[in-house]
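Q: Residues per chain are reported as follows:
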Amino acid sequence: MSSVSPPIIRKAAVLGAGVMGAQIAAHLVNCGVPVVLFDLPAKEGDPDGIVRKALAGLAKLEPAPFASKDLAAHVEVANYASGLAKLADCDLVIEAISERLDWKRDLYAKVAPHLAPHAILATNTSGLSIASLSEAVPAALRPRFCGVHFFNPPRYMHLVEIVAGPQSEPALLDGLEAFLATALGKGVIRAKDTPNFIANRVGVFSIVATMLHTERLGLPYEVVDALTGPAIGRPKSASFRTADIVGLDTMAHVIGTMRDTLPGDPWHARFAVPKVVAALVSKGALGQKAGAGFYRRQGRAIEVLDPAAGAYRPSTGEVAPELAEILKERAIGPKLAKLRASPHPQAQFLWSIFRDVFHYAAFHLASIADNARDVDLAIRWGFGWQQGPFETWQAAGWNEVAGWIAEDIAAGKALAGVPLPEWVGGERVRSAGGVHTPKGSYAPAPDAFRGRSTLPVYERQLRPDPVLTERPDAGTTVFENDALRMWHLGDDVAIVSFKTKKHTVSEEVLDGLQRACDEAERSFAGLVIWQPAEPFSLGADLSGIAPAAAAKQWAGIEAVVKKFQDTSMRLRSCLVPTVAAVRGMALGGSCEFVLHADRTVAAMESYIGLVEAGVGLLPGGAGCKELALRAHLESRRGAAGSQIDMLPVLRAYFQQVATAAVSKSAPEAKALGYLRPCDVVVPNTHEVLHVAKAQARAMAEAGYRPPLPARDIAVAGRTGIATLQMLLVNMRDGGFVSAYDCEIGLAIARVMCGGDVDAGSLVDERWLLDVERAEFMQLLRNEKTQARIAHTLATGKPLRN
Amino acid sequence: MTRQLQDAWIVAATRTPVGKAPRGALRTVRPDSMLAHVLRRVTAAVPSVPKEAIEDAIVGCAMPEYEQGMNVARIGVLLAGLPVGTAGMTINRFCSSGLNAVSIAADRIRTGEADVMLAAGTESMSMIPMLGRLAMNAEVFARDENLGIAYGMGLTAERVALQWKVSREDQDAFAAESHRRALAAQEGGEFAAETSPFDVVEHVPDLATGKVAERKKRVDRDEGPRADTTLEGLAKLRPVFAAKGSVTAGNSSQTSDGAGAVMLVSDRALKAYGLTPLARFAGFAVAGVAPEIMGVGPIAAIPKVLRSTGVKQDDLAWIELNEAFAAQSLAVIRELGLDPAKVNPLGGAIALGHPLGATGAIRTATLVHGLHRRGGKYGMITMCVGTGMGAAGVFEAV
Chain E
1 MSSVSPPIIR
11 KAAVLGAGVM
21 GAQIAAHLVN
31 CGVPVVLFDL
41 PAKEGDPDGI
51 VRKALAGLAK
61 LEPAPFASKD
71 LAAHVEVANY
81 ASGLAKLADC
91 DLVIEAISER
101 LDWKRDLYAK
111 VAPHLAPHAI
121 LATNTSGLSI
131 ASLSEAVPAA
141 LRPRFCGVHF
151 FNPPRYMHLV
161 EIVAGPQSEP
171 ALLDGLEAFL
181 ATALGKGVIR
191 AKDTPNFIAN
201 RVGVFSIVAT
211 MLHTERLGLP
221 YEVVDALTGP
231 AIGRPKSASF
241 RTADIVGLDT
251 MAHVIGTMRD
261 TLPGDPWHAR
271 FAVPKVVAAL
281 VSKGALGQKA
291 GAGFYRRQGR
301 AIEVLDPAAG
311 AYRPSTGEVA
321 PELAEILKER
331 AIGPKLAKLR
341 ASPHPQAQFL
351 WSIFRDVFHY
361 AAFHLASIAD
371 NARDVDLAIR
381 WGFGWQQGPF
391 ETWQAAGWNE
401 VAGWIAEDIA
411 AGKALAGVPL
421 PEWVGGERVR
431 SAGGVHTPKG
441 SYAPAPDAFR
451 GRSTLPVYER
461 QLRPDPVLTE
471 RPDAGTTVFE
481 NDALRMWHLG
491 DDVAIVSFKT
501 KKHTVSEEVL
511 DGLQRACDEA
521 ERSFAGLVIW
531 QPAEPFSLGA
541 DLSGIAPAAA
551 AKQWAGIEAV
561 VKKFQDTSMR
571 LRSCLVPTVA
581 AVRGMALGGS
591 CEFVLHADRT
601 VAAMESYIGL
611 VEAGVGLLPG
621 GAGCKELALR
631 AHLESRRGAA
641 GSQIDMLPVL
651 RAYFQQVATA
661 AVSKSAPEAK
671 ALGYLRPCDV
681 VVPNTHEVLH
691 VAKAQARAMA
701 EAGYRPPLPA
711 RDIAVAGRTG
721 IATLQMLLVN
731 MRDGGFVSAY
741 DCEIGLAIAR
751 VMCGGDVDAG
761 SLVDERWLLD
771 VERAEFMQLL
781 RNEKTQARIA
791 HTLATGKPLR
801 N
Chain U
802 MTRQLQDAWI
812 VAATRTPVGK
822 APRGALRTVR
832 PDSMLAHVLR
842 RVTAAVPSVP
852 KEAIEDAIVG
862 CAMPEYEQGM
872 NVARIGVLLA
882 GLPVGTAGMT
892 INRFCSSGLN
902 AVSIAADRIR
912 TGEADVMLAA
922 GTESMSMIPM
932 LGRLAMNAEV
942 FARDENLGIA
952 YGMGLTAERV
962 ALQWKVSRED
972 QDAFAAESHR
982 RALAAQEGGE
992 FAAETSPFDV
1002 VEHVPDLATG
1012 KVAERKKRVD
1022 RDEGPRADTT
1032 LEGLAKLRPV
1042 FAAKGSVTAG
1052 NSSQTSDGAG
1062 AVMLVSDRAL
1072 KAYGLTPLAR
1082 FAGFAVAGVA
1092 PEIMGVGPIA
1102 AIPKVLRSTG
1112 VKQDDLAWIE
1122 LNEAFAAQSL
1132 AVIRELGLDP
1142 AKVNPLGGAI
1152 ALGHPLGATG
1162 AIRTATLVHG
1172 LHRRGGKYGM
1182 ITMCVGTGMG
1192 AAGVFEAV
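Protein sequence lines correspond, in order, to chains E and U. First residue of the first sequence: 1, per the working numbering; consecutive thereafter. First residue of the second sequence: 802, per the working numbering; consecutive thereafter.
Only chain U is shown next, with the shape it has when bound in the complex:
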């Protein structure tokens, strides 16, 4: 058990719909604008909390440069209209950034330093694709054991598929199931509570008239799930990352745009503002694995977080396991013996998309609303992280 002064409670959580990158509905929306939007919505959800009480906003972003550089957290805070007294910090641990933001924000509360914190994540992969402005260090290639740093994520998934013997058929079946669950969840309105629709305003040159046309559209659902996904269709796709591999565009996560935000408060704030919490933040753990098999990071991180929180694996009602690749998801599920029915009940990143640094915050919104809606005590969010890490956070519904 960690030593802490008080608990950190999640009192509000929301997210944008997730758009496809680079050609989806949110492709023209700035990552700082998406961030400002979710910060506005999450604070609006708890009107009794005075804005001045918000200490800081911790924001995850996996490629914090160009459009999402310049400490995007602080810019998002100011664009959201929060008081100048509310600070902002951008953090990066690639795909766990959003979850780390929640954990850091919670820790500020748990140590008694803060009473109200925002945690968020934002990523526009339309604007800043994977790798960003890449410039490698020559030292990486000086020693063979560091070669994994240079591996593309897809190639690491191929390594995992080989080492954990995950077949192409199993990967494709997993991907098809992800789409099936996501579509069913959309159909059942399961994402309604957690989603803050985004009104996109595009400024399009109308070459015929010479005018700037303002095109407005409301984006209110995730773009990723495909009703036309079939096993046959998935089986036809060619491997992308290895000539004789099994990892395809169809059984990998989608590149996406999106943002999510969570408000965390202390025991004191809970009482002072008369808030009903959605969940208690129970704990977080991170662990390193070899970079070339980064996909199995959760195998190392999950036992750690269960140990530190004292929660048993069987007590987990809901596991959000980020589907970076079907290959690594299946390796994690099999190695730890996770219950497939409890893993990603609403579908995962293969169907819903994976806006890198935003995913942790987005899935926090999914999990806390989901536990609240469906019942269940403990839930977990976990993901693998590039260059060989795993992260896991546990939440307790109240």
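Next up, chain E with everything else stripped away, as it sits in the complex:
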């Protein structure tokens, strides 16, 4: 038993149905936590009208806050006037109302008498001090009060900052951390109680620095966005596009908060809302929500603001060729050196924003965070950067870059004149070559490298998100080739991981998986398919098929298709349990593995689907067979006499395959039937491997035997094909799909209905696999399919021919 048991949280409440509160409530039900969502009573009509309206608004929000549409019904609605009694059985109460100390104080006073004695009260404030809010909480409640700071959108942003109040009970915070990590799937960082905490403190500073240097160097906004997006490992929306999405009024508010709350910050003079932002806000050009901000859409074209002219112009600015050349440099050290050395304004801009963020993060590290890892992970998880500032700095050469920064400070080029803190050049960090070491990351207070949290919850993360220099336990290799590796972590559950690009399935992967099944039967209790990074797999490797099809090597291709089917079937017939551990996309052929593994453990954010129709093919790795079998099994329960009405079930599967539907979450994959009720959804992507291994072991402990091969499978036959054909013909003759789309759909229908046999005929899996393979080959022989494959390989986009 661990010393800290997680709090028992049967039910939660969220106070405040604004953008954040409503989305946090949505994420709680995504994760199976019943939730009551509160707001003010409506002045007219339904007293819960405000909350209902907020929930209705969530349905329209992109990206979707709910992991599946039916989850909205699980959010209970309430208002502060008549619903406070509903707080009595809530174990966790998250307050997410407007950032007004007086309003929050009033609310705490109002809800406190209704809270259960053990309930945790947490505030989602992003700006106010937890200490001052704690004072607004009745004294008895203070040990159970803290900050939990979610990032927008809360379902998708991994970061949650926990901020202790002066009297917060440490064990309670540890328990809350475990809940946030496992139950809600979040990456938890402990932040100190300083304004904006960690991620926003550094992240918003970065935005301010970007805007200041943009203005100083007179760079067009679209050029800055081209420079500060994926080119430097940051999100596609980069800087000004992000500001438009966030809302310029919000942006102005956040910068205003820094100005108001950080009077002693050496950069304080820089915390003025940029003139251009103020001007846009005053004109009502608040960004995306107002249809105009730094950018605006004119018909199909995107226009960008020209601040000098005060008008929009076509967005045509580009990264200068010499900059593009520098950015091609793979090593960050030489890249930063070249940027700094180049007189080009775009180069000076990039170096300046790196330098000032490094400077700022280093200066404030000791006051805002325990250690450098917390800053880097907070920025990565909260702002979507691939590397945190310290990681980039260290990767570029810690000591050299520190020298450059110091020189720039001395030369008055940096945004503040304060020197770098002592520890940057101190013995410990200097000799380690930076703040991150395999043993831990630098913590200024003890002047030591701090290892990872030892809370029991992190034992579930066999492969946590690593920071620079951290090397995960490579485990022990069972066998390895160019395509995949079978390995283990010193126990009896083997893991197989693909080494191909995007984990596509090549013939070598198929051979390797079959061999892994053999090895697992001999030496292990179970086999888990898991990839060290997303995606799970983009499916079959088409680049091998295309030339073979062009050369008309049909027999050879059919042998590979057969091998694909055999591999899926082998995952099922393997004498030890097989588990697919999915995170991210599991498309096409890899979805067929998911369908055949004895169990799938899927991260909440899993995007699963059979997408073969997009390239003019059908699922030929036993996927169509499996869906026909599932339609039979699912409809058998409702069978009347000898009649099985499987068409409604079959039709749903058929439409998904024919339209290449992909789930937008793991719960949605269950709704689509690609995941079964027994499959497990895991909120935290870093816990998937742990859970998959546990599932394999549990099945093994239960005396696992593979299922008997399916026999007497009733198929929909000729009537089923004709019924699905009716749908296709109406789509084709209505001009919604091409004639060839219709042919592809018909091929899928023929497989899923068991071929041209009488409705209700009884077949076995071998029969279905043979029909599937024959129809697959027929499609592949068609020039239009070959053209689709070639087009997709060349452009990454589907061809509609």
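In short, the hints are calculated from the structure, not lab data. Every value quoted in this text rests on a predicted model; they were computed, and no experiment measured them. Backbone N, C-alpha and C define an ideal beta-carbon position, used for all residues, glycine too. Worth double-checking, as some hints may not be accurate.
Heads up, incomplete: computed chain E residues facing chain U, CB under 10 Å, no partners named [as the list claims (entries may be wrong)]:
(1) 717
(2) 725
(3) 800
Simulated pairs of lysine-lysine, DSBU-like, Cα-Cα distance not exceeding 30 Å [what the hints assert, rightly or not]:
(4) U:966 <-> U:1045
(5) E:11 <-> U:1012
(6) E:60 <-> U:821
A few chain U residues that face chain E, going by a derived Cβ cut-off under 7 Å, partial list only [to be verified]:
(7) 933
(8) 935
(9) 936
(10) 937
(11) 938
(12) 942
(13) 951
(14) 953
(15) 956
(16) 1042
(17) 1043
(18) 1044
(19) 1045
Chain U: place on chain E using the hints.
A: Below, chain U without anything else, positioned relative to chain E:
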């Protein structure tokens, strides 16, 4: 002229209000209950006719399965409290089922086999939507000329719009006019005589109390007509059945729930029970057309029924042309040169709704009461029928 022994007289006709499907006021009402209701009301309208004299009830239903399966006609008769001696038969010719019920009932009288007949139609599209439990025959796709069997009704309307050159603007204008006429008719109380209000009793789980709440409401008018219908609004709707088509939800008939019933009697019964007829059933005709342009069925059926009844088109005072789609309605009107003023004077299915197999019986009630009220000698009910047919019946007011 058909050979017949005697005339068949309509002495009573009524219908439920038509509800929207699948979310309208009648969505929870069973089709057999709606049928029983109109059978009760239509017999109650002529109290001098002994119930024991009623020979049979012919009931049209377009998707006679599940809730409206099990020979819904006989079940409706028994639920209505009619004597066990009164029989019941369900018939199906999709959208003309209700009209066919009237024609079959009339023929039993005209051949002298029966003196008192009921004809009705019932359809809950809330419970059994179009197509029902669909399972196609593979033979349909064996020959290209049969492909039209597989066509959805909307797609056939698109084909008609193309072939008869009916523009999107004309379809939308026709739809707007249908709503305008229906609203005016409602306003003028024109449907009052033909309508038997329905008292809906819903049995709703009250999750808060754990009790079953009985929710009662009286439905007394058609739900379909929309006062907010505008040409601009209709123009914004996207085509549903073809990517570049012109047929929208706004210029198509509405899916609906409803039932209608008519009592027909012989000359003899007329005298014996001292009845005043509303109308004489003059005749019926049906004709086939290509399934993929099923909407033009009335173009084939109308001349046939006019020939067999000897009624001239110009003598028709009132034409109930079922507005399956504005596209096919306009094609029929233009091709035959029907007088638009006489076609659907109280609005049509685009506004009033179209509970498939019930429509023929419902519009019979509209027509015979309408002719009676407004005057006029001959009236016609006509409709297109899925898989390529047209049906038309002629009535003479007395």
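Q: Give me the numbers of the hints this structure contradicts, sorted from smallest to largest.
A: 3 and 7
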